[in-house]
Amino acid sequence: MDLLEKIKKHDLKGRGGAGFSVYNKWKLVLKEKGKEKYLIINGAEGEPGVKKDEYIIKHHTKELVAGIELVLNYIKAKKCILFLNHDYKKYGEKIKKYIYNTNIEIVYKSKNAGYVAGEESTMLNILENKRSEPRIRPPFPTESGYKESPTLIHNIETIYNIYLVYHGKFKGNRFYTINGEVKNPGVYNLPANYTIARILEETNNFPLFKFFVQHGGQASGEIINSSQLKKQASGCGAITIYSYKNNSDFKLIKNLIYFYFNNSCGKCTPCREGTYRLKEMFSGEKMNWSHFLELIDNLEDSSFCALGSSLATPVKSYIKNVNPDFKPKL
Amino acid sequence: MKKFYIKINNKKILTNGEESILNIARKNKIDIPSLCYHPDLPVKGNCGLCLVEIKGFKKLVRACSVKARPDMEIKTNTARVAKSRNLNLELLYAEHVNKCNTCVNSIDCQLLKLVKKYKIDVTEFPKRKTERKTYKFGNAVEIDGSQCIDCRSCLDACQLLSGIKHLELKGRGINQEIVPKTEDKLSGLAAKKKGFVCIYCGQCALHCPVGAAQEQDQINELELALKNKSKDEILVAQIAPSVRVSIGEEFGLKPGTVVTGKLVTALKKLGFDAVIDVNFGADITTIVEAQELIDRIKNKKPLPLLTSCCPAWVRYVEYYQPELIKNLTSSRSPQMHTAGLVKTYFAKRNNISADKIKVVSIMPCTAKKYEATRKELRYKDKDLIDFVLTTRETAFLIAKNKIKFNALKNSKMNNMLSEHSGAGAIYGASGGVMESAIRTALHILENKKLPKIDFKEYRGMEGLKEASIKIKNRKLNVAIVNGLANFQKIVDQIDKYDYIEVMTCPGGCIGGGGQPIPTNSDIRLARMKALYSIDSKKKLRKAHENTYALKALHYLESQKIDKQILHTTYSKKNK
Numbered sequence: 006m007d008l009l010e011k012i013k014k015h016d017l018k019g020r021g022g023a024g025f026s027v028y029n030k031w032k033l034v035l036k037e038k039g040k041e042k043y044l045i046i047n048g049a050e051g052e053p054g055v056k057k058d059e060y061i062i063k064h065h066t067k068e069l070v071a072g073i074e075l076v077l078n079y080i081k082a083k084k085c086i087l088f089l090n091h092d093y094k095k096y097g098e099k100i101k102k103y104i105y106n107t108n109i110e111i112v113y114k115s116k117n118a119g120y121v122a123g124e125e126s127t128m129l130n131i132l133e134n135k136r137s138e139p140r141i142r143p144p145f146p147t148e149s150g151y152k153e154s155p156t157l158i159h160n161i162e163t164i165y166n167i168y169l170v171y172h173g174k175f176k177g178n179r180f181y182t183i184n185g186e187v188k189n190p191g192v193y194n195l196p197a198n199y200t201i202a203r204i205l206e207e208t209n210n211f212p213l214f215k216f217f218v219q220h221g222g223q224a225s226g227e228i229i230n231s232s233q234l235k236k237q238a239s240g241c242g243a244i245t246i247y248s249y250k251n252n253s254d255f256k257l258i259k260n261l262i263y264f265y266f267n268n269s270c271g272k273c274t275p276c277r278e279g280t281y282r283l284k285e286m287f288s289g290e291k292m293n294w295s296h297f298l299e300l301i302d303n304l305e306d307s308s309f310c311a312l313g314s315s316l317a318t319p320v321k322s323y324i325k326n327v328n329p330d331f332k333p334k335l
Numbered sequence: 046m047k048k049f050y051i052k053i054n055n056k057k058i059l060t061n062g063e064e065s066i067l068n069i070a071r072k073n074k075i076d077i078p079s080l081c082y083h084p085d086l087p088v089k090g091n092c093g094l095c096l097v098e099i100k101g102f103k104k105l106v107r108a109c110s111v112k113a114r115p116d117m118e119i120k121t122n123t124a125r126v127a128k129s130r131n132l133n134l135e136l137l138y139a140e141h142v143n144k145c146n147t148c149v150n151s152i153d154c155q156l157l158k159l160v161k162k163y164k165i166d167v168t169e170f171p172k173r174k175t176e177r178k179t180y181k182f183g184n185a186v187e188i189d190g191s192q193c194i195d196c197r198s199c200l201d202a203c204q205l206l207s208g209i210k211h212l213e214l215k216g217r218g219i220n221q222e223i224v225p226k227t228e229d230k231l232s233g234l235a236a237k238k239k240g241f242v243c244i245y246c247g248q249c250a251l252h253c254p255v256g257a258a259q260e261q262d263q264i265n266e267l268e269l270a271l272k273n274k275s276k277d278e279i280l281v282a283q284i285a286p287s288v289r290v291s292i293g294e295e296f297g298l299k300p301g302t303v304v305t306g307k308l309v310t311a312l313k314k315l316g317f318d319a320v321i322d323v324n325f326g327a328d329i330t331t332i333v334e335a336q337e338l339i340d341r342i343k344n345k346k347p348l349p350l351l352t353s354c355c356p357a358w359v360r361y362v363e364y365y366q367p368e369l370i371k372n373l374t375s376s377r378s379p380q381m382h383t384a385g386l387v388k389t390y391f392a393k394r395n396n397i398s399a400d401k402i403k404v405v406s407i408m409p410c411t412a413k414k415y416e417a418t419r420k421e422l423r424y425k426d427k428d429l430i431d432f433v434l435t436t437r438e439t440a441f442l443i444a445k446n447k448i449k450f451n452a453l454k455n456s457k458m459n460n461m462l463s464e465h466s467g468a469g470a471i472y473g474a475s476g477g478v479m480e481s482a483i484r485t486a487l488h489i490l491e492n493k494k495l496p497k498i499d500f501k502e503y504r505g506m507e508g509l510k511e512a513s514i515k516i517k518n519r520k521l522n523v524a525i526v527n528g529l530a531n532f533q534k535i536v537d538q539i540d541k542y543d544y545i546e547v548m549t550c551p552g553g554c555i556g557g558g559g560q561p562i563p564t565n566s567d568i569r570l571a572r573m574k575a576l577y578s579i580d581s582k583k584k585l586r587k588a589h590e591n592t593y594a595l596k597a598l599h600y601l602e603s604q605k606i607d608k609q610i611l612h613t614t615y616s617k618k619n620k
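Just so you know, the sequences run in chain order A and B. Our numbering numbers the first residue of the first sequence as 6 and each following residue consecutively. Our numbering numbers the first residue of the second sequence as 46 and each following residue consecutively.
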């Protein structure tokens, strides 16, 4: 069976976080007939608490490169750029060992490119030596991406899955990064339909203390309480355990806000100014809370890119699921 | 493109898929605010004010960056929209250290207008940019970082309209700052940046919605000069061609309203003793430049001849293309011609010592401030012009003195230096200098009455206009560069032409860096049309038929000061 048909049959989803259908993405790129095409693999892995791309690079290097070659050949792309987190330079030589006659260039994300560097249009800007900032969409990369050419962008795990699908080895698993206050932190390969509770049990990580969970990454993931674990992990499949004992409301929210403030690229008002004003609330001696939730809502509703919007997810879910009295207590 | 219907606030609107929701709404008189969108520049989506709700979209949508699709249902006025838009406006206002009392831009300030319109509580957040620097570019333009709201329109104007790329964006997040590349020289990081110099065109100021980029105003100095004027001293104001068709906008009049008479009255009320017309100087310039064109053609001197009445363009040549200096016309600009005649001819005829005359230019331009101080343009080692005010500064001064501009009666200018031809009037539009010079040059070369007066192929908003005319036994190829960035289109094939007009600002002076804000293509067109209407209504259409101008030229020749007053030199300047 044709690779594209296999992908369709398995209903393969992108593993970068958004879960877009791989089949649909390929269709969009293939539609652009007669144009030079590019394949870009996003291994920026900027979301704190996620290490699954690194795991694949380290342990499945051969499959990763073979997967890239499969895709390159299928869409007849001019070349592939493998965009990697700066911390993954140590795997560069290993990756290169598996590259023979394929046009794969490895580019490392610079340390100061920030959280936003993993956002796909920002990544394109970085690759074109432009400011590390998101682009206006449309046009989407499938139509006009790298150097204004149709560009297929996949996460590392997606490429690995495409490799498995091609060889009939895909079993519907995914990679989970488990961390925080757990006994057995690490990256695990388990069925994608497992609930968070089951993953914690199977990996012998289910806490015995009072805890709450963040899933989907330590910056943008939703925060839930221990009675809400009968759902699947979202985004890039990270699960972080926090104990009530060791985590204060104030510190947790403050850390989130500082992270977003420090990483704001500065392009749009709600993120640049909003995270600054939020940070001021947490760093000043006197706090004026009147705008706290308004600023969070505003980020969610009007920030330019999805990363800016995502601050609202952990903050609002924390308040809703863990401590509905968050504000008055402070 | 197939047409379809969308709904904005339940109103059915027929449209195509080409335009943004913002533009469709504005065309249909549905107001959507924005500070970072400017129709001259690419869409940025930075400010977060043009938010709308679209059925089926999870987040609010920036109307500037989304095109209409069939059956879209859009709401611009919901509580959700208002909540985010107002908060973003409040956040932007907290970036901007307001200096409204002394800020020339306060009459045009779009931020101020929006804050008033949406009744924003501006006291909630403390100002965060109080420590920001002001960067001054020569004596012409400045960027006051404490007023900047990070919209970045100045950056695009500098890069895309003038093509200079003198400004750049440094830093990330709240630390981002618009800085001139030349600034790096001071910090010793010059290596990479060498080669960028500001040409003072002021397009950054024209595209700044909040007055952070602005002219270096001379309001205080002029007020002092008016106040402390001694009895034997006189102040002369000279009005550039394009100001009369734009300054009315600052007082609520439609773009393109001709307000010459009111402007003269206003200037007299401010305390000026005489008001004269740079259109007159433009006729002088035309005659001088047309003669040079003919001389260069006849005597096989370097061609093409390049116009020099745009001081930003001259600065560009001197710094960026010094090999073209030999092609620049030696003729001074209309501003300098008029001023030179004030200090000589006018002074003599009115029996006033030149030292007792102060000349104030009313200009659409920021670079004219620089031109007025060029050493090459001095006469007897003194600057000919004391102050240069932009259209905006002039309007600010009129408003500050509580003069009700629209209610003013018309006054006339001093006719010794104000009678002008239609050719002088159109200097303010791209193609106008070329058309004026060709009217005169053709007449002289063909030695007969002109078969044609209107050269419509030179007019309009195209970035590059080319034409060729037959004269005697030769063809004359001309090009008009409308907006300096377009010069790059012909820079490698300049030998193709005999005569090139370059105006740095899109549209020419009617789109100058000192003009009212907003300036956009519709407004430029209205101002341009007004200039051509002045021309077409004139009996006198050709500069060399202006007997007042010929008299003035005769005077200069008789005194043997024609070279000093009419001509100048240029030199290669190092960045």
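Simulated from the structure, these hints should not be mistaken for laboratory data. All figures in this text were calculated on a predicted structure; none of them were measured in a lab. Some clues are possibly wrong.
[To be verified] Derived, one-sided and incomplete: chain B residues facing chain A with beta-carbon distance under 7 Å: (1) ASN91; (2) ILE99; (3) GLY101; (4) LYS104; (5) VAL106; (6) THR123; (7) ALA127; (8) SER129; (9) ASN131; (10) LEU132; (11) LEU136; (12) ARG217; (13) GLY218; (14) ILE219; (15) VAL224; (16) PHE432.
Yeah, the Cβ is synthetic: ideal placement off N, Cα and C, and Gly gets one too.
Hints and how they fare:
1. ASN91: Hint on ASN91(B): holds, closest Cβ of chain A at ~6 Å, below 7 Å.
2. ILE99: violated, 13 Å
3. GLY101: violated, 15 Å
4. LYS104: holds, 6 Å
5. VAL106: Status violated, d = 9 Å.
6. THR123: The hint is violated - THR123(B) has no Cβ within 7 Å of chain A, the shortest such distance being about 11 Å.
7. ALA127: Check failed: Cβ of ALA127(B) comes no nearer than 12 Å to chain A, outside 7 Å.
8. SER129: For SER129(B), the interface hint holds, since the closest Cβ of chain A sits about 4 Å away, which is under 7 Å.
9. ASN131: violated, 10 Å
10. LEU132: holds, 5 Å
11. LEU136: holds, 4 Å
12. ARG217: holds, 5 Å
13. GLY218: holds, 4 Å
14. ILE219: OK, holds: ILE219(B) within 7 Å of chain A, min 5 Å.
15. VAL224: violated, 14 Å
16. PHE432: violated, 38 Å
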